[in-house]
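> Residue numbers (numbering that gives the first Met the number 0), protein chains in the order written: chain A, 0 to 173; chain B, 0 to 173; chain C, 0 to 173; chain D, 0 to 173.
Hints may be right or wrong, so weigh each one.
[As the list claims (entries may be wrong)] Listing some non-contacts, in silico: residues in chain B with all C-beta distances to chain D over 10 angstroms:
hint, residue
1, Asp-36
2, Thr-115
3, Val-165
[Unchecked claim] Mimicking SDA-like on lysine to any residue, the simulated pairs with C-alpha atoms at most 20 angstroms apart in a straight line are:
hint, chain 1, residue 1, chain 2, residue 2
4, B, Lys-103, A, Asn-21
5, D, Lys-157, B, Gly-25
6, D, Lys-103, D, Arg-71
7, D, Lys-155, B, Asn-21
8, D, Lys-157, C, Arg-39
9, A, Lys-157, C, Lys-157
10, D, Lys-155, D, Arg-65
11, B, Lys-155, B, Thr-61
12, C, Lys-155, A, Lys-155
13, C, Lys-155, A, Glu-26
14, C, Lys-103, C, Glu-50
15, D, Lys-155, C, Arg-39
16, C, Lys-155, C, Leu-58
17, D, Lys-157, C, Asn-21
18, B, Lys-155, B, Asp-166
19, B, Lys-103, B, Thr-115
20, A, Lys-155, C, Asn-21
21, D, Lys-103, D, Arg-73
22, B, Lys-155, D, Thr-24
23, D, Lys-157, B, Glu-46
24, D, Lys-157, B, Tyr-28
25, C, Lys-157, A, Asn-21
26, D, Lys-103, D, Asp-56
27, D, Lys-157, B, Leu-23
Hints are computed from structural coordinates only; laboratory data are not their basis. Where a beta carbon is used, it is the ideal one built from N, C-alpha and C, also for glycine.
Number of protein chains: 4
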Amino acid sequence: MPNPMDTIRILVTGGTFDKEYNELTGELYFQSTHTNDMLRLGRCLLEVEIETLMMIDSLQMTAADRALILERCRAVPETRIVVTHGTDTMAETAAVLGAANTRKTIILTGAMIPYTFGSSDGMFNLGTALAFVQTLGEGVYVAMNGQCFPWDSVRKNKSMGIFESVDLDTRRLS
Amino acid sequence: MPNPMDTIRILVTGGTFDKEYNELTGELYFQSTHTNDMLRLGRCLLEVEIETLMMIDSLQMTAADRALILERCRAVPETRIVVTHGTDTMAETAAVLGAANTRKTIILTGAMIPYTFGSSDGMFNLGTALAFVQTLGEGVYVAMNGQCFPWDSVRKNKSMGIFESVDLDTRRLS
Amino acid sequence: MPNPMDTIRILVTGGTFDKEYNELTGELYFQSTHTNDMLRLGRCLLEVEIETLMMIDSLQMTAADRALILERCRAVPETRIVVTHGTDTMAETAAVLGAANTRKTIILTGAMIPYTFGSSDGMFNLGTALAFVQTLGEGVYVAMNGQCFPWDSVRKNKSMGIFESVDLDTRRLS
Amino acid sequence: MPNPMDTIRILVTGGTFDKEYNELTGELYFQSTHTNDMLRLGRCLLEVEIETLMMIDSLQMTAADRALILERCRAVPETRIVVTHGTDTMAETAAVLGAANTRKTIILTGAMIPYTFGSSDGMFNLGTALAFVQTLGEGVYVAMNGQCFPWDSVRKNKSMGIFESVDLDTRRLS
């Protein structure tokens, strides 16, 4: 296991994870990240550095946004990075980061239900992501549904709202 | 990484994790485990087998109880096991399991706040435990506060309500 | 006070009160009313009859919808009625019901935050509405923000997300 | 209806309403009242004056404590008072206040589940209490379970955890 005192970088990009409900308009929107609150609630004592890169729905994420995420993954001093991300295009961003071969351990995670709505899967997913990032070797992974998928064999099943392995699925079909 | 389709055994022993509030008496008590609810809330899709061994406060745990936990760790077919446990004597049980050298990966976890009280660290800890159990090799570990401690170098700091590494602490003092 | 055993009719029309989060689309929608859950959570022992008339955003409410609400207020045997309603046009519906002079006690209430989002004002408002409906005489009222406004002197201040008395406001300005 | 701008005095005495969970000891205890948080969450815009008289379990309440509550009910300038109180002896305190004939409207309320445990009946009860206190005439009442009981005909049914009318019960038995 890595030295638990090594700092983990958390790069925030938005996604359902951090959505809020605007009670004046009845719409969902982004304010600031809840990652700090969640870590406090989880009594997390890991040394983390939280950095908000953007606060957007991942369907709005552009190639330039992904380039920025990659750039920050490369530039930060930490070799262990968690990226919070909307689920809709999480696999695409993972592919960009994976193909770039940064020689770091990068875990993307997110949520299906906003943290502020009380019954969030975000706390659980953040827990898995922070554990995977400490124990896995170099590579880019998606941590969702308790599982950890390598970047080159994962996709979101949008009709079911879950992540699945592309390979596994192929095997099942054959 | 292990095959994500390998079943993980979750052995439930009670602890704050699963405490309930009795509104007639105003006291905390145990009913049945919330592990299933928590996994559903976390949208966890790992294959797990949940087995309740006991539902007790870990201060009440006896040598016989620990012998039973060890026996079940050995007897179950799974090689990856999560034990939910009260925090007060989690390190003692970890020591019993660790010394027995079961050749399995066993993660003990728990919570400072009951799941039913809404603001629980249980969801976060359960997430970390399920991730550590998939990625770590043989051994017995305590997963609390986002960290993972080997059984032979962990203790609960009861005045602060956190877990800490014995070695680390020694180094700090020297 | 009225006989507490007299049944209270609750007419459900939708509104933020009953909105849900669709985790597949990330949108808010209506399923079925949470009124029963809320009464159970509130340990409410009043005899109530819950009837869902529609499940809509009150901005979508038509004159025909309001005519139906009025018709049901008249037709039900109960003389004490609570109408759950979106806040945006609650005052308009109150005006339709008030002008009709049904000789019943009718309280409209709602919420700014969906009940399913955890931090709802719905529980509080439902409590006030059920108390006001037991104690006020014939008339139509809006119960929001802990207050009870007669139908002919209330409006929603949409920029602040609160209800206010029209008369009171006039007095303040003069 | 009374002028909604009249201030309501809220006298806090403790009770389950305000209990907290001490994560170091695993015990329930009192810190400071949550009444303000609850009113904010309920978007309550009534003018209230919150005063903490004591923070105790109502089973610990002495005659001297009740004398203090009565004294404050008399001394405060407001004629509309809500007393938050443990449920176990709420009826006893109501009887003391009721017999004293203060010529004010006094509503006692409380909760079966602590507010901090998420699924509290406290928000609902506080809503009913604040509505009853605005609409009822002079007298002392217990507001629980959505109902409002005069002080001289209410008791807690401890085996069921609910409040019931003494008279009503007599009628049922006859």
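> If a hint holds in the structure, say so; if it doesn't, say that too.
Results for each hint:
1. Asp-36: At roughly 13 angstroms from the nearest Cβ of chain D, Asp-36 of chain B sits farther out than 10 angstroms, so the non-interface label holds.
2. Thr-115: violated (7 angstroms)
3. Val-165: Holds, since 20 angstroms exceeds 10 angstroms.
4. B:Lys-103 with A:Asn-21: violated (49 angstroms)
5. D:Lys-157 with B:Gly-25: Within the cut-off at roughly 12 angstroms; holds.
6. D:Lys-103 with D:Arg-71: Given pair Lys-103 of chain D, Arg-71 of chain D holds - Cα atoms ~12 angstroms apart, limit 20 angstroms.
7. D:Lys-155 with B:Asn-21: Distance of about 16 angstroms is within 20 angstroms: holds.
8. D:Lys-157 with C:Arg-39: holds (18 angstroms)
9. A:Lys-157 with C:Lys-157: Roughly 36 angstroms between the alpha carbons, so the hint for Lys-157 of chain A and Lys-157 of chain C is violated.
10. D:Lys-155 with D:Arg-65: holds (18 angstroms)
11. B:Lys-155 with B:Thr-61: holds (18 angstroms)
12. C:Lys-155 with A:Lys-155: violated (42 angstroms)
13. C:Lys-155 with A:Glu-26: holds (18 angstroms)
14. C:Lys-103 with C:Glu-50: Distance of about 17 angstroms is within 20 angstroms: holds.
15. D:Lys-155 with C:Arg-39: Holds, at about 18 angstroms.
16. C:Lys-155 with C:Leu-58: At roughly 13 angstroms apart (the allowed maximum being 20 angstroms), Leu-58 of chain C and Lys-155 of chain C satisfy the hint.
17. D:Lys-157 with C:Asn-21: violated (41 angstroms)
18. B:Lys-155 with B:Asp-166: holds (13 angstroms)
19. B:Lys-103 with B:Thr-115: violated (31 angstroms)
20. A:Lys-155 with C:Asn-21: Judged against 20 angstroms, a Cα distance of about 16 angstroms means the pair holds.
21. D:Lys-103 with D:Arg-73: Given pair Lys-103 of chain D, Arg-73 of chain D holds - Cα atoms ~8 angstroms apart, limit 20 angstroms.
22. B:Lys-155 with D:Thr-24: Answer holds: Lys-155 of chain B to Thr-24 of chain D is near 13 angstroms, not above 20 angstroms.
23. D:Lys-157 with B:Glu-46: The hint is violated at about 43 angstroms.
24. D:Lys-157 with B:Tyr-28: holds (18 angstroms)
25. C:Lys-157 with A:Asn-21: holds (12 angstroms)
26. D:Lys-103 with D:Asp-56: violated (25 angstroms)
27. D:Lys-157 with B:Leu-23: At roughly 7 angstroms apart (the allowed maximum being 20 angstroms), Leu-23 of chain B and Lys-157 of chain D satisfy the hint.
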